[in-house]
Structure formats: C-alpha cells, structure tokens
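Peer 1: These are the residues of each chain, in order.
Protein chains: 2
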Amino acid sequence: MNRQQLVTAIGQTKSYLCVGLDTDETKLPAHLQGRPDAVLQFNHDMIKATLPYCVAYKINTAFYEAMGGRGWEIMEATFRAIPDTHLKIADAKRGDIGNTSSQYARAFFETMGADAITVAPYMGEDSIRPFLEYENKWTIVLALTSNKGSADFQRMALVPRAESGLDLVPNLAGPGRSELLYEKVIQTVNQWGSPENLMYVVGATQAHELSHIRQLAPEHFLLVPGVGFQGGSLADVSKHGLNADAGLLVNASRAIIYASPHEDYLEAAAQIAAEYQTEMSAYLSAAS
Amino acid sequence: MNRQQLVTAIGQTKSYLCVGLDTDETKLPAHLQGRPDAVLQFNHDMIKATLPYCVAYKINTAFYEAMGGRGWEIMEATFRAIPDTHLKIADAKRGDIGNTSSQYARAFFETMGADAITVAPYMGEDSIRPFLEYENKWTIVLALTSNKGSADFQRMALVPRAESGLDLVPNLAGPGRSELLYEKVIQTVNQWGSPENLMYVVGATQAHELSHIRQLAPEHFLLVPGVGFQGGSLADVSKHGLNADAGLLVNASRAIIYASPHEDYLEAAAQIAAEYQTEMSAYLSAAS
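Protein sequences, first through last, are from chains C and A.
Under this note's numbering, the first residue of the first sequence is numbered 47, with each subsequent residue one higher.
Under this note's numbering, the first residue of the second sequence is numbered 47, with each subsequent residue one higher.
Hints are not guaranteed to be accurate.
[Claimed, not checked] Think about it this way: if two alpha-carbon atoms lie no more than 27 Å apart in a straight line, the pair counts; the simulated DSSO-like pairs of lysine-lysine are:
hint: 1; chain 1: C; residue 1: K73; chain 2: C; residue 2: K194
hint: 2; chain 1: C; residue 1: K60; chain 2: C; residue 2: K73
hint: 3; chain 1: A; residue 1: K285; chain 2: C; residue 2: K183
hint: 4; chain 1: C; residue 1: K194; chain 2: A; residue 2: K183
hint: 5; chain 1: C; residue 1: K285; chain 2: C; residue 2: K194
hint: 6; chain 1: A; residue 1: K94; chain 2: A; residue 2: K60
It is worth saying that the hints were derived from the structure and are not from the lab.
Could you build the full structure based on these sequences and the hints that come with them?
Peer 2: Here is the structure:
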C-alpha cells in the first residue's frame with residue numbers, strides 16, 4: 047500500500063486508527079480458551095468487527111513467537127486475513143547488519159506479506175536500507191517511545207558535531223540546547239528515505255513533544271502506539287500530530303481487543319473502535 | 047548454561063569459538079538443494095562436524111524467518127539438535143516495551159530453549175529487564191557493532207550529564223573527550239545485570255577498541271561477530287579481549303558453514319573450525 051492509497055483510505059474511513067493484534071492466548075475470552083484454533087479465530091473475527099473503523103492493523107510478532115512454530119503460522123494466517131484495503135504492519139522491531147536485515151525484509155515483506163515493519167535504528171544506515179529498498183513498502187523507524195526506558199538513551203543530549211570534529215548538521219532543536227539522540231535519529235534517517243516509504247514510531251505519552259517532532263518530520267506519517275491502556279490522550283496526539291495528509295496512525299491494542307472478556311467481545315471491540323473513529327473524524331474535520 | 051559451566055567448557059575445549067548457523071537455503075551445497083529437509087539436515091550435520099571445536103552455536107533468526115512458518119520449525123529443531131554441553135544463542139536483536147519483551151523472552155528462553163538472546167538497547171531498561179529476569183539465561187546487549195552504520199549513532203558523542211542538568215556519572219572514557227553512546231550503553235546496562243547473566247556484542251573490526259571496552263566491562267563475556275568473512279583478526283580480538291575467564295565468544299558463520307560448496311562441506315567446515323580452535327588454544331595458553 048503506497049502513501050496515496052493510505053491517505054485516501056484515511057479520507058474515506060475518516061479514521062487513522064490502527065488496531066493492534068497483540069493477541070495473548072491466556073487473555074482470550076473464556077469460551078474460546080483451550081480451542082487449538084482460538085487465536086486465529088479471535089483475530090479473524092476481530093478484523094471483521096473493526097474493519098469499518100480503522101485503516102491499519104499492527105501485529106506484534108512477540109506474542110506469536112511466544113507460541114513457537116504454531117504461532118508463526120497463526121501470524122501468517124492473520125496477515126492473510128487482513129484485506130488489502132488496510133495497511134498491514136509487522137511490529138517486529140528488527141534491525142541487524144545488511145545481509146541479515148535483507149533476510150528480515152524478505153521475511154516480512156515477501157513471505158509474510160506485510161506492508162510495513164517497525165525497525166530499531168541502533169545499528170545505523172546499512173541496517174535500515176534493505177527495508178527501504180522495497181517499493182510500496184514502509185519502514186517504520188523507532189524514534190521516541192512511550193516507555194520509561196526511553197529516557198535511558200533516546201533522550202541523551204549529543205555534543206554538536208562541530209565540537210566533536212565532524213560536519214555540522216542543521217539543528218532544528220534551535221540554539222541553546224543540544225540535540226537529543228531521538229532528534230538525531232529522525233534527522234539522519236530522513237536522509238535515507240522519504241515520506242513515501244518512511245514513518246517513525248513516536249510514543250503517545252509524549253504528546254507535548256509531538257509538535258516538535260512534527261517540525262523534524264513535517265510530512266512523514268507517525269505511528270503512535272500507547273493510546274488506550276498505555277495512557278496517551280488521543281486529543282493531544284491529534285492536536286500536535288495531524289498534518290495536511292493526516293500523517294498519523296494511532297494504535298490501540300488491548301483497549302480494543304480485550305474490551306470485554308465475555309462472549310460480547312466482538313461487539314465491545316467494535317464499539318470502542320467506533321468511538322475512536324468518531325473522535326478521529328472530528329479531529330480530521332477540525333484540522334482541514 | 048551458567049557462567050561457571052561456560053568457563054569450564056572453554057577450559058576443556060580450549061576454544062571460545064561460536065559457530066553461526068546463518069543457514070541460507072540458496073547457499074547450500076548443490077547436492078542438498080531442493081530437498082525439503084535440506085536446511086535442517088545441513089544444520090544437524092554441521093553441528094556434529096564442528097562440536098569438538100566450539101563452545102557455542104549462534105542461530106540468526108532472520109535466515110529462518112525468511113522461510114516462513116516452516117523456517118521457524120527448522121529453527122526450533124536446530125536448537126533441539128544442539129547438545130546441552132554448548133551454549134545456544136538466539137541472534138534475534140529483539141527489544142520492545144516491557145510486556146512485549148516478556149513475550150520475546152518467553153519465545154526464546156522457554157519455547158525455543160535458547161540459553162542466550164541478543165537484544166537492542168534503544169528502548170532502555172524496561173525493554174531489557176524481562177530477559178535478565180531468567181535464571182541461568184544470558185542477555186547479550188548490542189554495544190558496538192562492526193558494520194559501517196555503527197558510526198551513525200553508536201559513536202555519537204554525548205554531552206556530560208552535569209552539563210545537561212542530570213546526575214554526573216563516572217566517565218571511564220577519561221577527561222578530555224565526551225563519552226560515546228556505546229560507552230554509555232555499556233556503563234548503564236552494567237547496572238541492570240551482572241557478568242553472570244549479561245554479555246555485550248562487540249564487533250571484531252574494531253579490535254583496537256576492545257581493550258577500551260574491556261575497561262568498561264572487565265568481567266563480562268563479549269560476543270564478537272565478524273571474524274572471518276566480516277574481516278576481523280582473531281589475533282587482535284584475542285589480544286585485547288581475553289580476560290581471566292576467557293570472557294570472549296568469537297563467532298564465525300560463513301567462513302565455517304560455507305567453507306566448501308561441494309560434497310566435502312562437512313570436512314571443510316570441521317577443518318576451519320579446528321584451525322580456529324588451534325589458534326584459540328594458543329591464545330588461551332598465552333593469556334593464562
């Protein structure tokens with residue numbers, strides 16, 4: 047799915063909701079537990095129930111890998127169950143030296159059929175390039191995450207390059223303060239791709255930082271996890287993050303898929319997804 | 047496998063060789079290609095052929111994921127084929143928020159039966175803690191890698207914490223130069239684990255930096271990929287990296303498993319592995 051198709055889907059659905067299928071076998075509604083096909087059935091039905099209210103699905107690979115080979119098969123079948131009208135994101139946080147990243151790109155873009163994959167930037171350009179080489183696929187690079195540990199390295203202040211003897215690069219953070227690692231990541235990775243094939247992961251609990259990140263990446267889509275159980279505010283995220291093409295994908299996982307632990311779990315999920323869609327529709331109108 | 051067992055294995059084998067099973071279907075010897083069980087058979091035989099010369103096997107998850115669900119099953123079977131006398135490393139470069147990292151830890155330490163997993167530090171403490179919580183398992187954190195992209199972020203100079211308004215931490219890099227991100231990663235992660243459950247990935251092409259990294263992590267095991275086709279020198283790595291318990295695992299993948307493209311591939315692999323072992327045996331004697 048390319049950018050124009052994604053932007054069109056957002057305009058038609060009036061939603062920038064991404065539903066996170068972090069399906070944990072032990073958290074399924076009681077009446078499904080113990081059935082061997084329970085996770086796949088749950089995902090199938092969850093996709094059907096939420097389809098009108100979202101534009102993307104994000105599959106967290108960890109939850110499937112924890113189930114072993116069977117889990118990997120369920121993940122593949124779940125990707126196949128998502129219609130091509132919706133963006134299919136593998137939330138995999140991969141990244142390795144070039145020839146290994148090429149294998150990951152093949153695993154997710156070819157074998158798995160994903161449209162997009164999340165990747166970690168620590169190993170630099172040659173760890174990310176192999177993903178960017180695929181046409182009509184998306185590489186979503188970790189920039190600033192919403193967890194407590196984001197303070198450990200992502201927010202470290204960097205010595206300006208002139209002082210460290212390297213080339214000076216524009217510092218959009220402005221004079222008077224040093225660039226932080228996540229800002230450097232965005233500015234550096236911006237040069238490797240374009241808003242047509244590159245997005246960033248930006249945590250929702252840092253909504254006040256979103257307007258700053260918007261300056262660093264004015265046109266890029268931002269994937270914002272953490273709305274819902276992780277505690278971000280959709281209003282804040284939308285206020286600071288929306289751009290002319292929407293430019294946001296806001297993910298909710300547990301808030302939707304575990305909306306009810308009972309037999310009404312699909313109705314409950316659809317209702318929560320519809321509430322997100324209604325709210326997003328209003329923010330889209332206000333922004334345009 | 048705990049530290050004492052690993053140290054004992056190194057002493058008995060007189061080797062700190064790790065064999066990397068980055069098995070690529072398209073690179074198998076011609077007579078194996080096209081057989082549905084070719085990769086697993088290749089791995090099985092490769093393990094048998096190299097067992098006397100190494101103390102660890104490293105399985106690069108990307109190469110198996112590229113084959114889809116079938117690949118995941120082959121990876122599981124390969125882990126089962128490694129005897130408990132040898133350290134089983136999942137080279138997976140995972141890392142995500144806490145509840146997701148817990149799922150990855152379960153996937154590799156429980157379902158897969160690995161002794162160790164490589165993880166990326168970008169998301170900080172709560173992304174790494176879930177791996178460290180497992181007893182007699184190892185978390186191997188990316189510190190300084192050998193690829194060109196290691197310059198992009200890992201070697202960025204950081205503003206000393208006092209200047210950035212945060213607590214001052216000891217800077218082993220010494221006065222006169224700023225700490226680099228990879229140094230900060232080592233010093234910070236050191237506080238989360240111990241030499242009993244924590245190792246670092248350090249690229250072999252930076253052998254001259256190994257003695258510096260040894261100062262930052264005097265007792266930790268270092269996993270050094272990149273000897274062989276990636277171009278590092280085993281002599282340099284050993285000179286700068288060995289400590290009283292050896293403290294090194296030096297990986298070779300393609301140099302061993304693709305030593306010959308013909309029917310003699312097992313003899314060729316065993317011979318290369320034996321050459322590494324002979325060389326390592328000499329370095330161990332010299333260091334003790």
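Peer 1: Hints first: check each against the structure and report whether it holds.
Peer 2: Tested hints:
As the CA atoms of K73(C) and K194(C) are separated by approximately 25 Å, the hinted pair is consistent with the 27 Å bound. As the CA atoms of K60(C) and K73(C) are separated by approximately 30 Å, the hinted pair breaks the 27 Å bound. With a C-alpha separation of about 45 Å, the suggested pair K285(A) and K183(C) falls outside the 27 Å cut-off, and the hint is violated. Between K194(C) and K183(A) the alpha-carbon distance is near 24 Å, which keeps this suggested pair within the 27 Å criterion.
Of the pairs offered as hints, the one joining K285(C) and K194(C) holds, with about 23 Å between alpha carbons and a cut-off of 27 Å not exceeded. For the proposed pair K94(A) and K60(A), the alpha carbon gap of about 18 Å is at most 27 Å, so the pair holds.
Checked against the numbered hints given earlier, this structure breaks hints 2 and 3; the rest are met.
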